[in-house]
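Chain B: place on chain A using the hints.
Protein sequences appear in the order of chains A and B.
Going left to right, the first sequence walks through residues 1 to 411 as the working numbering numbers them.
Going left to right, the second sequence walks through residues 1 to 538 as the working numbering numbers them.
Bear in mind the hints are in silico, worked out from the structure with no lab data behind them.
Heads up, a few of these hints could be off.
[Claimed, not checked] Here are the simulated lysine to aspartate or glutamate pairs, EDC-like style, with alpha carbons at most 16 Å apart:
#1 B:LYS128 to B:ASP51
#2 B:LYS263 to A:GLU171
#3 B:LYS263 to A:ASP227
[As the list claims (entries may be wrong)] Residues on chain A that point at chain B, a partial pick, calculated with CB under 10 Å:
#4 LYS45
#5 MET99
#6 TRP114
#7 ARG116
#8 TRP153
#9 PHE155
#10 TRP166
#11 MET168
#12 GLY177
#13 ARG218
#14 LYS230
#15 GLY234
#16 THR235
#17 PRO237
#18 ASN241
All figures in this text were calculated on a predicted structure; none of them were measured in a lab.
Glycine included, C-beta positions come from ideal geometry on N, C-alpha and C.
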Amino acid sequence: MKQMLNGLIVGLLACVAVAEQGDKPLEIMALVDHYDFAAVGDPQKPGHYLYDTETSEGCAKILDHVLLTGAQTVLWRPESGSMMRYHSKEESFLIRRGMDKRRMILHQEPVYTWVRYGESEVDLINYSLGLIRERGLCCGFHWPFEETHWAGWTFGPYNLEHPQYWGMTREGVPWSGRTSLAFPEAMAHKMRVADELMDMKPEVIFIDTWRNGGWSPRVEYVKPQVDRWKARYGTEPPPPNDLKWCEHVSETIHEWYRLMRARMDKQNPRPRLLVGFQLVGRGGSRDAVLRNCGIDWPKLVEDKLVDGIVVMGVAWDRKRPMESTREIYQDVMDMCRGKCQVFFPVQAYNFTRVGLEAYAGATGLSEGKVTEELLKITREVGADGVVLEVVDHENYRPDVRKALWDEAHRK
Amino acid sequence: MQTKQMLLGAIAVCALACMGSAQEGTWIQQGVPTQLTFGAGNDVEAAVGPDGRIAYENDAGGGLEIFILDPASGNTQKLIGGAPNVMAAYPAWTPDGGIVYALSRPTGTAIIQVPAGGDIGCNLWLWKDGAHTRLTKGLWRDFTPSVSPDGKKVWFTTSRGRRNVGDGSHLACLDLTDPEHKVTEFRNIACSGGQAAVSPVVSPRGKLLLWAQADGAFSNWCLQLSLERNVEKGQQLTKPVMSCYAPRWSPDGRYIAFTGFRKGDDGWGVWIMEPRTGNIAKVETGKGNAKSPCWTPDGKALVYENNATGLYKLYRIDVTLNPPAVSADETEEVPLEPKTTGRLVRQDDGSYAWQDENGKLLNSNELRNNGIAFNSPAGIDFKRNTFFLKGKFKINSLAKGANAAILVAAYYPFNPNPAWQFFVDGNSRFRFSSRTPEGQYTDVVAQQPIKLGVEYDIVATHAPDGHLSMLISGQPRADMQVDPPAELVGAKLLTFGTGINGVNPVDGGLTAFECGVGIPKDFPRIKTLKELFEEEDK
Numbered sequence: 001m002k003q004m005l006n007g008l009i010v011g012l013l014a015c016v017a018v019a020e021q022g023d024k025p026l027e028i029m030a031l032v033d034h035y036d037f038a039a040v041g042d043p044q045k046p047g048h049y050l051y052d053t054e055t056s057e058g059c060a061k062i063l064d065h066v067l068l069t070g071a072q073t074v075l076w077r078p079e080s081g082s083m084m085r086y087h088s089k090e091e092s093f094l095i096r097r098g099m100d101k102r103r104m105i106l107h108q109e110p111v112y113t114w115v116r117y118g119e120s121e122v123d124l125i126n127y128s129l130g131l132i133r134e135r136g137l138c139c140g141f142h143w144p145f146e147e148t149h150w151a152g153w154t155f156g157p158y159n160l161e162h163p164q165y166w167g168m169t170r171e172g173v174p175w176s177g178r179t180s181l182a183f184p185e186a187m188a189h190k191m192r193v194a195d196e197l198m199d200m201k202p203e204v205i206f207i208d209t210w211r212n213g214g215w216s217p218r219v220e221y222v223k224p225q226v227d228r229w230k231a232r233y234g235t236e237p238p239p240p241n242d243l244k245w246c247e248h249v250s251e252t253i254h255e256w257y258r259l260m261r262a263r264m265d266k267q268n269p270r271p272r273l274l275v276g277f278q279l280v281g282r283g284g285s286r287d288a289v290l291r292n293c294g295i296d297w298p299k300l301v302e303d304k305l306v307d308g309i310v311v312m313g314v315a316w317d318r319k320r321p322m323e324s325t326r327e328i329y330q331d332v333m334d335m336c337r338g339k340c341q342v343f344f345p346v347q348a349y350n351f352t353r354v355g356l357e358a359y360a361g362a363t364g365l366s367e368g369k370v371t372e373e374l375l376k377i378t379r380e381v382g383a384d385g386v387v388l389e390v391v392d393h394e395n396y397r398p399d400v401r402k403a404l405w406d407e408a409h410r411k
Numbered sequence: 001m002q003t004k005q006m007l008l009g010a011i012a013v014c015a016l017a018c019m020g021s022a023q024e025g026t027w028i029q030q031g032v033p034t035q036l037t038f039g040a041g042n043d044v045e046a047a048v049g050p051d052g053r054i055a056y057e058n059d060a061g062g063g064l065e066i067f068i069l070d071p072a073s074g075n076t077q078k079l080i081g082g083a084p085n086v087m088a089a090y091p092a093w094t095p096d097g098g099i100v101y102a103l104s105r106p107t108g109t110a111i112i113q114v115p116a117g118g119d120i121g122c123n124l125w126l127w128k129d130g131a132h133t134r135l136t137k138g139l140w141r142d143f144t145p146s147v148s149p150d151g152k153k154v155w156f157t158t159s160r161g162r163r164n165v166g167d168g169s170h171l172a173c174l175d176l177t178d179p180e181h182k183v184t185e186f187r188n189i190a191c192s193g194g195q196a197a198v199s200p201v202v203s204p205r206g207k208l209l210l211w212a213q214a215d216g217a218f219s220n221w222c223l224q225l226s227l228e229r230n231v232e233k234g235q236q237l238t239k240p241v242m243s244c245y246a247p248r249w250s251p252d253g254r255y256i257a258f259t260g261f262r263k264g265d266d267g268w269g270v271w272i273m274e275p276r277t278g279n280i281a282k283v284e285t286g287k288g289n290a291k292s293p294c295w296t297p298d299g300k301a302l303v304y305e306n307n308a309t310g311l312y313k314l315y316r317i318d319v320t321l322n323p324p325a326v327s328a329d330e331t332e333e334v335p336l337e338p339k340t341t342g343r344l345v346r347q348d349d350g351s352y353a354w355q356d357e358n359g360k361l362l363n364s365n366e367l368r369n370n371g372i373a374f375n376s377p378a379g380i381d382f383k384r385n386t387f388f389l390k391g392k393f394k395i396n397s398l399a400k401g402a403n404a405a406i407l408v409a410a411y412y413p414f415n416p417n418p419a420w421q422f423f424v425d426g427n428s429r430f431r432f433s434s435r436t437p438e439g440q441y442t443d444v445v446a447q448q449p450i451k452l453g454v455e456y457d458i459v460a461t462h463a464p465d466g467h468l469s470m471l472i473s474g475q476p477r478a479d480m481q482v483d484p485p486a487e488l489v490g491a492k493l494l495t496f497g498t499g500i501n502g503v504n505p506v507d508g509g510l511t512a513f514e515c516g517v518g519i520p521k522d523f524p525r526i527k528t529l530k531e532l533f534e535e536e537d538k
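Here chain A stands alone, though its shape is the one from the complex:
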């Protein structure tokens, strides 16, 4: 009886907490990359472009467009692969040589391949963060944790100059996609990049583990990682789909977050550290995220190394789109409630086939109505906000923007 009573009290308290959260508008967190606006044509002047993404004026215009979503938090992308969008010292060596043959020098697409963000008159990222702050909004970074954005031309100088830190397959084939954090030098490099970002005083740093250039524990058979395995287990490392190997690798990544947390704690004011991943299913998909991204996300939450979890897409059931979405959200909330913030997706991108377009197809609802439903579920499960991956020119349609705007301005 006493137990039942206690349970009832706990339940009531939880309801109150959710209700209190439910009264507050959700935090609408927009991700933005000015490069995505570089080739948007001007419908009034064929052959001309709407945004000069290499100028401060262009970035201000982009921000105006992004804010049509009602976003209160805007996270700008500081790099793609390891091609910096700001004036980086850490990745500056030969950065101006757009013709480095090791980058494969891709295509001749007008505008995209000819932008030179490293040489802009003002540091575009620093400027954009300042602009967001001026407007009374929360500013920060959407940091893809990658050294190539799935294409050779996005490799940065550090990666190209340090093959000895590249990943390695179990068969001993070097993998240039990302240097391994198991090497202290590579970890120090990443921390220097983090320092450059923190110098710009962001209020949020969101590390996107989905954008990782194809990295996974599959390419972590580097010497320090293998030596550590052998010392611990006395055997050769198992295949990459072995969960024990993925857990082993995740310890290194966990250490990176520990360092990052410690570094950010020294910052005043202290920014929020968020971590995000894709295609979460029932139960939070801890093992799948571990296999794909090499992080043990529930452990990050338990160890309080992150301030928030960003679920960028959920593996909802096409036969029960909204019901299954609610169940997945609830599972994640059960793992995170009281420990960290949680953000769920309102995803215009549909490359994972679980975005707004897919919901609309499965439910017969408009994308605007789908957005309203997703916001409602997000509120009802007691989450903190939604993430918009990624706000490009007009990819969040007017009815979707209205639903988001109404939520952001809900009294």
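Below, chain B alone, put in the same frame as chain A:
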């Protein structure tokens, strides 16, 4: 050259020499590295001319400048550059002492320059007798030039015509004897998205073309070889287990020096290969990255860049080569005799059945969206062998916004997704995908979009050496060098017209299909290395 600098250089060289003596078991006898350049900035991409002078890039001024060093006197001469926005790169000597180089002079922002037709591309120029002559012009990138031994052609890499994000660069050749400097492109090389071919260089006898190629952003650079007069998919000289680029022939054509990295190395290194035997060895250059080797005219030394001092500087090292007399790789694989192991057959009632090599028929099940499926089909367990897929197809229409229309897909227990498939992507390009032993997706993409309502013949293969190949009638052959195929055993499902559960349907599809092991006899064969060198020796 100042004496003090030379002295410091000599001390640095001694330090390098202590680590750089010839290793037992290698076939390279090497001397002491000598530092050739000093001062501010990085000195890279050296090219040694016919008279021994060295052209190279320097970035001290913010942009890229080209200098010429006379090693005999130590004097340097600026060839071009100076303004921070000027990028002059990749010098290559002509036999008569001229220099071809790549030049880019970007100004303003892209959205202003591109519509205005601004001269912001990277194009080729020729410096000769003190004059600079433009060789190419356009909003693309032409780079990594080399001049043929007869001085009549410039081989280079170009991005022209590559419009999709993900497309790499391909090879091209400029006729120096033509007043219009006619350019011939070789889009059949590195034609799929993500592939790139750079640093083409003709052998001293003028018959072979050598270059570095990357097949996708996640592959490693490999050296490739083809005939110069008929450039086709190259034979791989090096395997992806090593990253190799920037190849240069020795003056006698017997060796190739290149930049390489493999497991266990401390960084980039200078390597030498004897391509006829496969013999390969590393030049010991001491600390730091060592890259971009080129030969002196007598073939007795290499000039390369090394960053042991913190900046890349040029060094020279004497090499004497005594490779083992016996080929390091004598084993030649015996090609598997091609055999059809399964085919799609139309029955009298109009339905389709799957026929295995013993003639046994398996009836189909219907899938959503007009697809059909065969459960546990015999004849597609290719194990680890080379396998081929062959058929005829026609596409009637492509749904707007669809990113895949599947013609055939095969499923095995090791992965929930298709182990191999034919499909048409959102850009109307035909793709053949296959998985690696680790379940990784790989594919080869047709160079041109398919036309609706037209029937095509298609043949595709995946070999244990990782060679993915596809030939569609009326289109250039497409090749990718990836990982070997997965072990294909215990086939669960074969679908036609859609994927599993009717996903990604196609309007149209395969009208004939067969598959099997080996490479079909009528599939165009690539010349073997042995055949290439026989041509060279003629």
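To see whether the hints hold, each was checked on the structure:
no., hint, verdict
1, B:LYS128 to B:ASP51, "holds (15 Å)"
2, B:LYS263 to A:GLU171, "holds (10 Å)"
3, B:LYS263 to A:ASP227, "holds (15 Å)"
4, LYS45, "holds (9 Å)"
5, MET99, "holds (5 Å)"
6, TRP114, "holds (4 Å)"
7, ARG116, "holds (6 Å)"
8, TRP153, "holds (8 Å)"
9, PHE155, "holds (8 Å)"
10, TRP166, "holds (8 Å)"
11, MET168, "holds (6 Å)"
12, GLY177, "holds (6 Å)"
13, ARG218, "holds (6 Å)"
14, LYS230, "violated (16 Å)"
15, GLY234, "violated (22 Å)"
16, THR235, "violated (20 Å)"
17, PRO237, "violated (14 Å)"
18, ASN241, "holds (8 Å)"
Of the hints listed earlier, those the structure fails to meet are numbers 14, 15, 16, 17, in rising order.
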